[in-house]
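Chain by chain, the residues:
Protein chains: 2
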Amino acid sequence: MAKIAILGFGTVGSGVLEVCRRNAAAIARRAGEPVEVKAILDVRDFSDSPDAALFTKDIQDILSDPEIKVVVETIGGTKYAYPYVRQCLESGRSVCTSNKEMVATYGAELLALAKAHNAAFLFEASVGGGTPIITPMHQCLAANHISEIQGIVNGTTNFMLTKMKRENMDFDQALKIAQQLGYAETKDPGDDVDGRDACRKIAILGSLACGHHLYPDNIPTRGIRDITVADVKAADQLDCAIKLIAWYREGEKGTVAAGVEPMLVPSANQLAGVDDVFNAVLMKGDMLGDVIFYGKGAGKLPTASAVVADVIDALKEGSKIHDSLFWQPAEKLDGMLTDDTSYPYYIRATGLSGAVLTSIAGPGSLVFENEREAACLVNSATAAEMQALAGKIALLGGQAALVLKKLPE
Amino acid sequence: MAKIAILGFGTVGSGVLEVCRRNAAAIARRAGEPVEVKAILDVRDFSDSPDAALFTKDIQDILSDPEIKVVVETIGGTKYAYPYVRQCLESGRSVCTSNKEMVATYGAELLALAKAHNAAFLFEASVGGGTPIITPMHQCLAANHISEIQGIVNGTTNFMLTKMKRENMDFDQALKIAQQLGYAETKDPGDDVDGRDACRKIAILGSLACGHHLYPDNIPTRGIRDITVADVKAADQLDCAIKLIAWYREGEKGTVAAGVEPMLVPSANQLAGVDDVFNAVLMKGDMLGDVIFYGKGAGKLPTASAVVADVIDALKEGSKIHDSLFWQPAEKLDGMLTDDTSYPYYIRATGLSGAVLTSIAGPGSLVFENEREAACLVNSATAAEMQALAGKIALLGGQAALVLKKLPE
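Residue numbers (this note's numbering), protein chains in the order written: chain A, 66 to 474; chain B, 66 to 474.
Same chains, same names: a pair is fine if it fits in one copy or spans any two.
Calculated lysine-lysine pairs in the DSBU-like style (CA-CA distance at most 30 angstroms, straight line):
1. Lys381 - Lys134
2. Lys68 - Lys349
3. Lys318 - Lys365
4. Lys122 - Lys68
5. Lys68 - Lys180
6. Lys68 - Lys103
7. Lys349 - Lys230
The hints are simulated quantities; they were obtained by calculation from the structure and are not laboratory data. As the structure is a computational prediction, the values presented were derived from the model and not from experiment.
Using the sequences and the accompanying hints, generate a full structural model.
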């Protein structure tokens with residue numbers, strides 16, 4: 066019988082208990098022994114719960130229990146999670162977490178700490194919810210060099226963009242529905258709609274791809290607040306969908322770039338058809354070519370099932386299979402991880418006519434125009450060139466309201 | 066330095082050598098030590114090769130070399146591969162293979178043999194070429210019960226069906242191009258076009274899902290020879306694509322069913338957009354919901370990179386992570402693994418009018434009709450009911466020329 070503990074009994078934490086119980090037989094078969102949740106840490110009162118006896122408010126109860134071999138961390142954030150996880154790893158216990166903020170911020174340090182104490186630090190559930198991404202990436206793609214990653218990794222914004230497209234909704238209406246359904250936070254939906262959640266996830270995938278820590282602070286991040294119904298319609302007219310894309314790419318001489326931004330995705334691109342709360346991550350391996358992982362990006366049981374899969378792996382003691390799930394610490398950059406490749410761009414500007422916009426946008430074509438604003442597609446430009454174009458627009462008394470890269474088919 | 070051997074220096078085997086050399090540094094980092102190909106078994110003469118010193122025609126040279134820890138099997142077929150792999154496993158060496166025929170036929174026995182000798186028997190490359198499917202399935206989905214699998218797992222037929230759809234080609238023309246491009250065998254393309262290759266792959270995935278061996282012989286298998294240009298057009302008219310689907314599903318009380326057959330896939334279904342030589346496998350986990358693995362299903366380097374990833378895993382000795390990559394032996398069934406669920410069906414019949422066809426097909430609608438044949442869509446029927454319908458058509462002097470299940474959206 067393997068004993069585990071859960072830190073944080075919120076949505077995912079309670080899901081872990083539920084998955085362990087509902088699929089107990091299958092889990093026992095795969096882990097080689099039954100898996101039992103012996104203790105749950107949560108500051109709230111659960112004395113009325115049928116599992117009241119499992120709860121504690123004191124991390125020491127878990128750290129001092131020699132039976133507990135693996136600890137699940139589902140508190141979220143870093144304030145409590147980070148010191149608790151450190152203590153667990155220092156005590157030689159393996160930790161399995163769904164906490165992307167902690168992994169994106171302290172991943173290199175916690176991986177090194179795990180290694181130093183012969184423990185595993187696993188975080189499959191931190192990207193893609195229940196969709197397998199991290200394990201296939203570091204095990205199955207181990208013979209590949211991964212040069213590029215593009216992903217739809219935030220289910221909330223993808224749900225909103227799908228609503229906006231299918232039902233002609235504007236951003237505020239779509240956000241309201243996402244909040245009503247519990248997909249977006251009511252108080253502050255910024256982690257999702259401003260791209261911070263996606264930024265943490267690409268920081269994790271990028272770190273694993275290049276082998277050193279990429280800090281979320283260094284990754285230029287934009288959300289979807291500026292997307293209007295007119296943009297969504299214009300995209301449709303261009304046979305594209307607007308998607309919030311988290312991307313990573315390797316440049317010349319080992320440089321890397323990463324970002325989170327809404328993009329035009331041509332409908333022939335596999336990512337264009339990823340709708341609602343689904344996530345998809347595309348990776349390019351030098352031997353393999355393109356591979357895509359697709360599934361529900363969030364939800365209590367999907368995410369919990371990924372955490373429990375990590376628990377099963379962590380329980381197989383003596384395993385060296387996770388040695389390669391690792392990246393080196395790195396200094397924070399002074400600047401940002403920017404990409405100087407040329408792409409086609411969609412630009413919408415207010416306060417200037419379509420004719421003027423296309424005349425200064427270089428080779429490009431008008432997409433739409435009304436009394437207030439105009440949008441055009443620029444054939445090929447770098448981010449710096451688009452910055453310069455925005456400057457020209459401002460000189461002419463207009464304003465660049467939205468700039469979107471267009472992905473290849 | 067870890068030493069390995071390759072059995073069979075064909076497309077995949079030579080790709081393994083190439084991947085090991087081209088990505089030597091990354092592989093060494095992930096395996097914890099450099100990986101070197103020390104011996105290659107092949108019956109052909111390679112004395113002119115720059116690697117002539119590596120070649121042998123005698124398996125004993127490999128079995129008697131204590132330095133060789135892991136053996137790659139890429140001979141294909143079972144005649145030589147099976148006894149050689151047995152000998153390697155019995156000698157305590159781990160084996161990594163891309164050989165779906167051998168895994169589908171002898172998987173349970175070889176997995177048990179590996180376990181008995183503390184070795185690993187790994188076969189990620191046997192399904193999906195380089196696309197990670199088996200490892201994510203048995204590790205990442207370990208906390209899930211997998212009730213259903215649907216996959217496009219044969220790149221050759223998917224390429225042909227894509228050609229037929231996009232370029233109005235018939236089966237013979239599409240096959241010719243597939244043969245010219247080296248996707249289909251020139252002599253006997255039957256393994257691909259008659260579904261045998263897909264059958265072996267779903268036998269492997271189904272065995273892993275249900276935990277006991279499913280024999281390819283028990284899986285009803287149909288290929289794509291009967292698909293005409295008219296069918297492809299009719300499918301398009303119904304907003305569907307025709308795809309060769311390998312499927313597995315669990316029925317009541319632990320029964321399982323599996324099959325390989327062309328189906329109508331509605332364009333809103335994620336599998337409909339999987340074109341050319343790409344493969345995609347959809348799995349339903351009870352906790353996770355749908356997850357899809359998508360990538361290039363074949364090719365020298367993609368497949369070889371999956372074999373090398375298995376080699377890296379196998380080299381991590383003492384790992385118990387593969388304990389759960391296992392299924393039990395099972396007796397061959399007397400009957401077939403058939404499904405008695407109702408689906409909408411497309412049926413094309415010759416020698417009878419559209420009016421007669423729809424009148425006997427129960428609630429259904431005519432799809433097309435010409436002087437020679439007619440096709441209609443039956444709203445809902447079981448396979449047995451469709452058999453009965455084919456009988457009625459024959460009684461009326463006609464013939465059921467093609468019957469296709471339609472997948473849900």
